[in-house]
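Chains A and B, in that order, are what the protein sequence lines are. Residue numbering for the first sequence follows the numbering used here, beginning at 312 and increasing consecutively. Residue numbering for the second sequence follows the numbering used here, beginning at 56 and increasing consecutively.
In short, the hints are calculated from the structure, not lab data. Just so it is clear, CB atoms sit at the ideal spot from N, CA and C, and this is done for glycine as well. One should not assume that every hint holds.
What the hints assert, rightly or not - A few chain B residues facing chain A, derived, Cβ under 10 Å:
{"id": "1", "residue": "G65"}
{"id": "2", "residue": "V229"}
{"id": "3", "residue": "C285"}
Stated by the list, open to error - So, partial list: chain A residues that the calculated Cβ filter (under 7 Å) puts toward chain B:
{"id": "4", "residue": "A349"}
{"id": "5", "residue": "D351"}
{"id": "6", "residue": "H412"}
{"id": "7", "residue": "A447"}
{"id": "8", "residue": "E449"}
{"id": "9", "residue": "C484"}
{"id": "10", "residue": "V516"}
{"id": "11", "residue": "N534"}
{"id": "12", "residue": "N537"}
Said to hold, decoys possible - Quick list of in silico lysine to aspartate or glutamate cross-link-like pairs, EDC-like style, CA-CA up to 20 Å:
{"id": "13", "chain 1": "B", "residue 1": "K85", "chain 2": "B", "residue 2": "D321"}
{"id": "14", "chain 1": "B", "residue 1": "K234", "chain 2": "A", "residue 2": "D400"}
{"id": "15", "chain 1": "B", "residue 1": "K261", "chain 2": "A", "residue 2": "D400"}
{"id": "16", "chain 1": "B", "residue 1": "K173", "chain 2": "B", "residue 2": "D120"}
{"id": "17", "chain 1": "A", "residue 1": "K415", "chain 2": "A", "residue 2": "E376"}
{"id": "18", "chain 1": "A", "residue 1": "K395", "chain 2": "B", "residue 2": "E262"}
{"id": "19", "chain 1": "B", "residue 1": "K103", "chain 2": "A", "residue 2": "E511"}
{"id": "20", "chain 1": "A", "residue 1": "K398", "chain 2": "B", "residue 2": "D120"}
{"id": "21", "chain 1": "B", "residue 1": "K280", "chain 2": "A", "residue 2": "E564"}
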Amino acid sequence: MKEIVILSGKGGTGKTSVVGSLAVLVKNKVLVDCDVDAADLHLLLNPETKEDNEFWSGQTAVIDENKCIQCGLCQDICRFHAIKNYKVDPLSCEGCGFCSHICKVEAITMQDNLSGYWFVSDTKYGPLVHARLNIAEENSGKLVAEVRKQARQIAEKQNSDYIISDGPPGIGCPVISSLSGARIALLVTEPTLSGIHDLERVISVCRHFGIPAMVCINKYDINLDNSHQIENFCQKQGVYVIARIPFDTVVTEAIVHGMPVVEYSPESKVTGELQNMWVNVLDFIT
Amino acid sequence: MIISVASGKGGTGKTLVATSLALSLKDGHKVMVQDCDVEEPNDHIILKPVITDREPVFNLVPRVDEEKCTYCGTCARVCAFNAIAVINEHVLVFPQMCHGCGACSYLCPEKVITEIPKEIGVVERGEADGISFVQGVLTIGEAMAPPVIRKVKEYSNNDYTIIRDVSPGTSCPVVESIKGSDFCLLVTEPTPFGLNDLILAVETVKELGIPCGIVINRAGVGDSKVADYCVKEGIPLLLNIPLSTDIASLYSRGIPLVEGMPQWRDSFIKLEKQIKEIVSERNSNPQR
Chain A
312 MKEIVILSGK
322 GGTGKTSVVG
332 SLAVLVKNKV
342 LVDCDVDAAD
352 LHLLLNPETK
362 EDNEFWSGQT
372 AVIDENKCIQ
382 CGLCQDICRF
392 HAIKNYKVDP
402 LSCEGCGFCS
412 HICKVEAITM
422 QDNLSGYWFV
432 SDTKYGPLVH
442 ARLNIAEENS
452 GKLVAEVRKQ
462 ARQIAEKQNS
472 DYIISDGPPG
482 IGCPVISSLS
492 GARIALLVTE
502 PTLSGIHDLE
512 RVISVCRHFG
522 IPAMVCINKY
532 DINLDNSHQI
542 ENFCQKQGVY
552 VIARIPFDTV
562 VTEAIVHGMP
572 VVEYSPESKV
582 TGELQNMWVN
592 VLDFIT
Chain B
56 MIISVASGKG
66 GTGKTLVATS
76 LALSLKDGHK
86 VMVQDCDVEE
96 PNDHIILKPV
106 ITDREPVFNL
116 VPRVDEEKCT
126 YCGTCARVCA
136 FNAIAVINEH
146 VLVFPQMCHG
156 CGACSYLCPE
166 KVITEIPKEI
176 GVVERGEADG
186 ISFVQGVLTI
196 GEAMAPPVIR
206 KVKEYSNNDY
216 TIIRDVSPGT
226 SCPVVESIKG
236 SDFCLLVTEP
246 TPFGLNDLIL
256 AVETVKELGI
266 PCGIVINRAG
276 VGDSKVADYC
286 VKEGIPLLLN
296 IPLSTDIASL
306 YSRGIPLVEG
316 MPQWRDSFIK
326 LEKQIKEIVS
336 ERNSNPQR
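In isolation and in its complexed conformation, chain B is listed as follows (with noise of 0.2 Å):
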């Protein structure tokens, strides 16, 4: 089973929360954490894993030799993304904003455009305390991160719980690293701020037909729109964490929740049982 756990908005806990569930299940589980934050991962901090191996990921960028170019300009005009330009006898790649879909390179009619990687972030693996760790992180200047993703991504084995840490957002990284769950939690926090990233997480998560449930982080914070939100669309609310020093005072020197506190444990074992019979009656019932 595949456990994405997202927010929309950032800073809500999901790195608390995901390696809080991590850290409870071991015991019981084969757990793998997949960190697809790989603009900012944190697992890393609470979860202090071993690195044992690191993978670079590489984009295909064009390399266009000039000696044979005719310069006729096919490549500029099929790039979708503007990352080749013809300008009289000159060839500007501008490998950025390449994203390796390999069109110049195949459709160049003097095939004089190979393609080179170029490293645009690196995969690690490693082991903490029984878990199986994998990180993406993305190469401070390159702004692409679903190719790092992907990579994670490739390490899934069906024997594990998967426990997959997602970016804030909406756009095309989080879609990237949420596909192919079983279930998304979201984590949000009792704010408008919360609510309003909470709705378009929600619709993200609908649009891929993953089924999804609420973690409340700091509860008592703000006001009670998201618990009558979740009731409202039919959401399980499954776990709600207070709004507590203690919690965010382990936090902040990157102890993990169930270490400073086990008797958190019991209710991230409950999590994923529910979880697990949300997943389990939907897959009965696919049409639902």
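In isolation and in its complexed conformation, chain A is listed as follows (with noise of 0.2 Å):
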């Protein structure tokens, strides 16, 4: 069992609809949506969810003005600036728990929190497992740790080929938990000098972990004079440009008709390079 994530750095250069896609065109696989808060995948796939879990971690402290004496101490020694007035601000909080073990009244306790939902769907393109972290909540990367981590045992009891991930834009935690162990990152890219930069720096991250990467290039006509670039860095990188998708409104149309893009417009060009690029993949990784 393989496990493909795709990435890209900058958010919004089509990592969703990339995925969408190979939902349709790999056989045999488990589906998994790692960008818990802002997850779309799943208005692509018209998901029907059979599993519905709480996803508790973390604490926030929380002072029992009863107990507390005002001394100031939890105030002084708190790095998060959580503490003020003798209340927590559970949006600065990150839970250390520091505060309650100083605290000399034991007037702070720390209490769990219901940091998200995680759910497992059927779609007709197979399993989909997705998640929905809260509002302000952190943990975002155990999040992530805990829908892939299902995807495993799904994809384990049903002999499954293939894991493919939609990954979450940045290069920070969530990310991190997203890619470690992974077999590949498809980094999904634009030809515009922000996509540029940030596909650097996602490149610098895989190497970083130790995961190989390939690069798709969506919209690649754009601005050829960027995509030549990519095509250049990637190729001083030692990184394959395995797909160079033409910029096309039937992409965006798809998602307003919440299809894969090759399931709503099989005829266009943009599905034939979507196909060669899955052919790409499975040279690479077999």
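Two chains, two separate frames, one set of hints: put the complex together.
Take a look at the structure:
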């Protein structure tokens, strides 16, 4: 079983449209949405939720004002400036528990956080594991780890060949959590200067964690000079460019219709290029 | 006044809006741009600042003096992030997991834990054509953006109109960036993805008690449900930027919108005026 994670650095380059299409093109796989704070894959795959689980993670300090003697020690030692006027700001509290350990009158307790939910759903393309991090919650990396764990268990049980994972933007905590131990990272970029800049950083992250990367240039024809720059850069880095998807409004139309683009517009050039892309991925990983 | 520019969904045009707003306001205001998207900062590509100052950002991580350690395990027990483990007569520290809270060193009964600074990013400061510029850059392989964001925010100064560019999503880096702003502009696109993530972003700013308004970018590309949502929720729709190959082409080459198409300047000046009105109205009716 091989896990392929789709990343981009920059947001909005087309990760979810690529994953939605792989849902159609790849047989015998489990799908997983690792973008747990702004998940969109379900909008293309029309899932029917089979399992709905609470995700408890991390804690928040709570001060019992009846016990508190207002000595101020907790406020002094909190590195996150989360305690003011003997009250905890839950949005600033990182749940380290330092205050609860040092409170002399045991007025501070740590309460578990319901950080979000994760779901196992059926789609006509196969099982989908996805999640919803609660608003303004921490621990997105842990929720990513949880959905990946669930996806691996399902994949083992069903003897799936692949796990296809829609990753979050950026290079921080949830990205690192999505990437660790994956077989390859497929990086979706666009030929804008910010797309290039962010691609360079996400390639460095893949290298840092020893995950081989491949690149898909989306909307490659909106700026051919920049696309050439991406190709040259990737060549120097020893990273294969495995797809060059043309700009086409059918991609957005497919999103509006809630369908993967290869299904919405099977005759389009976009679909042809996505089919080639999967052939290239297979060449690389088998 | 601090205006944050956020979005929920990535790639909707936060950088386009933040840089256009800053460049349009700089003649009448003292403007500071704070790029808090420290995982993938992009404002510098458009604004091309001259960086004059670099300040590393450190997280304090424990170092255990194993000569004196009694392996009592207190540090591992108090660490909420599993960043320190005591196995037989070994102490293992996982710096990437450490939040730098300081509990282990404070509570170590033998006082054999010191905290050493580990560089996790850098804050760069400079000047871009009359705009004061600050950006955070998270080091490759580091997980925790919030300490770098906090460092960027330390440069806030009441003399300036501050435009703060925020990372996509709704989790801790977004909350850390938006916290303390007077207003949050939410940039979206009129597609089901844009709407889904916009709703999450609106809930986030509501949770923080910050007023918000919406900019629709690539207007005309999808459907009208984002505009319908704004009406239904009573959230002001402040600006429409149409789907335009000219705008996309300028952006792809790193050319500021208001330089390539100066007619846009007035729209952004008007946008700031609308924001100011909303903020001052709210400040005079704080119960709303």
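Taking the least C-beta to C-beta distance, is B:G65 closer than 10 Å to chain A? Holds, about 1 Å.
Given pair status - A:D400, B:K234, alpha carbons within 20 Å: 12 Å, holds
Verify the interface restraint on B:C285: the C-beta must sit less than 10 Å from at least one C-beta of chain A. 18 Å, violated
Minimum beta-carbon distance criterion (7 Å), A:E449 to chain B: Cβ of A:E449 sits 5 Å from chain B, so the hint holds.
A:N534 as an interface hint toward chain B, with CB separation required under 7 Å: With Cβ-Cβ at 4 Å, under 7 Å, it holds.
Please work out if A:K398 and B:D120 have their alpha carbons no farther apart than 20 Å. 35 Å, violated
With a cut-off of 20 Å on the C-alpha distance, tell me whether A:K415 and A:E376 pass. 14 Å, holds
Status of the hint placing A:D351 at chain B (closest C-beta pair under 7 Å): 5 Å, holds
Holds or violated: are the alpha carbons of B:K261 and A:D400 at most 20 Å from each other? Distance of about 16 Å is within 20 Å: holds.
Interface hint status, A:A349 versus chain B (Cβ within 7 Å): 4 Å, holds
For the hint on A:V516, just tell me whether its beta-carbon gets within less than 7 Å of chain B. It holds, given that the least Cβ distance between A:V516 and chain B is near 6 Å, below 7 Å.
Holds or violated: B:K280 and A:E564, Cα atoms, limit 20 Å. 14 Å, holds
Violated hints, in rising order: 3 and 20; the structure is consistent with all others.
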